[in-house]
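Protein sequence lines, in the order shown, are assigned to chains A and B.
Residue numbers for the first sequence, in our numbering: 186 to 467.
Residue numbers for the second sequence, in our numbering: 89 to 365.
Keep in mind that the hints were calculated from the coordinates and are not lab data.
Ideal Cβ positions, reconstructed from N, Cα and C, are used throughout, including at glycine.
Among the hints, erroneous ones may be present.
[Unchecked claim] Derived EDC-like pairs (lysine to aspartate or glutamate); straight-line CA-CA distance at most 16 Å:
#1 B:270 to A:440
#2 A:462 to B:311
#3 A:464 to B:240
#4 B:265 to A:405
#5 B:270 to A:405
#6 A:465 to B:240
#7 A:299 to A:332
#8 B:355 to A:393
#9 B:265 to A:395
#10 A:465 to A:405
#11 B:252 to B:266
#12 A:324 to A:374
#13 A:396 to B:266
#14 A:462 to B:192
#15 A:237 to A:440
#16 B:265 to A:393
#17 B:265 to A:440
[To be verified] Looking from chain A toward chain B, a few residues come up when the C-beta cut is under 8 Å (computed):
#18 388
#19 389
#20 397
#21 444
[Said to hold, decoys possible] Taking CB as the label site, the calculated pair distances span:
#22 A:396 to B:92: 28 to 36 Å
#23 A:305 to B:92: 53 to 61 Å
#24 B:135 to A:401: 41 to 49 Å
#25 B:160 to A:208: 34 to 42 Å
#26 A:404 to B:357: 52 to 60 Å
#27 B:361 to A:467: 27 to 35 Å
#28 B:160 to A:201: 18 to 26 Å
#29 B:364 to A:299: 55 to 63 Å
#30 A:203 to B:357: 34 to 42 Å
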Amino acid sequence: MEKGSNVGGKTSNTYTGKLGSLLRKCVFTTLSVGPIPNHLAFIMDGNRRYAKKQNLKEGVGHNVGFSALMSLLQYCYELGVQYVTVYAFSIDNFKRRPEEVESLMDLMQEKIDKLIEEESIVDRYGIRICFIGNLKLLKDSVREAAERAMRATAKNSKSVLSVCIAYTSTDEITHAVQESCREKLDAIEQADSHNQEEGNNLLINLVDIEKKMYMVAAPDPDIIIRTSGETRLSNFLLWQSACSHLYSPSALWPDLGFWHLVWAVLNFQRDHWFFEKIKKQI
Amino acid sequence: MENGSVLQEVKLLNDPQLNPRRCSQVITMLLYMLNQGEAFSKIGKLGLLLLWHFVHFVVSIWYFAVGIAYMLESYLVASGAFKEYKTHDIAKLQYLAIVIESGEAYETSKVITLLKWLAAIGVKHICLYDTEGVLKKSKETILENSNATFWEGLDKRSSLLDQKLMTIEFASFSDGKEAVAKAANLLFVNHLKLGGDLMAPIFTERNITDALRAIGCKGPDPDLLLVYGPARCHLGFPAWRMRYTEIVHMGTLKSMKFGSLVKAIHKYTMVHQNYGR
């Protein structure tokens, strides 16, 4: 349960590591009596504030944040959550100072390559990694690392990690509208070439747009957790969160831990009846 | 149940000198052991179920205590006991959205009371949203009783502050995803009209915003969204408008309090956003 014993997805063999693992198993077994969320999403906010608070060098906060991510992923997959989505880098974040953006890109590339090493958490839990967003906005080396990771984990089928990078919801919706229009155009051209009448099929349906969303492969998130006490979604999964429980703990991202996850799941279980009712309405 | 003791009994069946009476004794013992195992498993599951209910009972007690604390705080805020809530820069809150759970949206009198409270605080522009469009159906009653006008849509956001009467916009789930589908169709048709059938369409976020306005979805992005319902969830409020909207859960409409409203709006005016920087 201690972050130190779970860094980089490798479980320590120390006494505290094993005790923590046993305690987690007991808690998760109890929680599993009720409904368990299928898809958890995280907005990883607060790395820079953490570094400032702990008097660390700028950039170190993101490294600590990555360790926190690995621990949380382990807890989620132990609990039985099948889909985890994280907001790693927003299109808005490109507005930051160029040095900061550059160091974040380098960090992401390093961590992506580390994730697909053997005996990492990806291997242990059979995680398929997807990079969600406008990947063309990334520099080549990061995009290539992302594509490598997606190819390396394509055959994994136990669980899915979606990393939103160069992503915003409005960009996702725009892209989906654009692609559904292109598809409709192709369909019309094909119908023309076969001398068939398209007729009323000139309409683009909601289903056509939803098929082109970046997040089409995952179900809608059950819980969206944004750290640092901020109450906005900052252009993250706006389309998919109509029935999502929104949880905003005041803890900064690197401080987010096991008990926050347990509290989120308990609240999800309390309100589960309401979300099932809403899903039927929508 | 120990596997060892079961195996020991099973091994006895291998005895070549096993007589029918002894065989019957062994089988009875095995059946008894299996029954015990099942019983233990059932007892274990029951124990786990009780533990789970107990944990949730404790959580409910916690929320009950928190509810009482919020109620007391709300009365103190409403009575002006806290100096910091007496003044706030209401001009910072240009557009407020209220999301109400559809079941509670039928309580029109409560909605009208809420609007009167908001008018007293100085909020000028409100979007009332519920998933099923119940508030849209009660539009006339609500506008009449809250001395407000219907939101016609303004082109310049700066003129929002010039309005004297409160304006109310009514929205439902169909103004979200379905509106985007209609906007997509408008963009597609326009693309074809411009002779673009030979070129792949390229749309920007600006195109989508303009198309949404053209089909009647003219409401600006709310600064703050207050959710009145059992859980903190925006219930399908139009996604396009919620990029940087602060979302605050106020509890159910039944338990709404003036003090909590003042506190939520005051807290909003103190928020600082980086917008990703």
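Problem set entry | Hint check, failures only | 1, 2, 3, 5, 6, 8, 11, 12, 17, 20, 21, 22, 23, 26, 28, 29, 30
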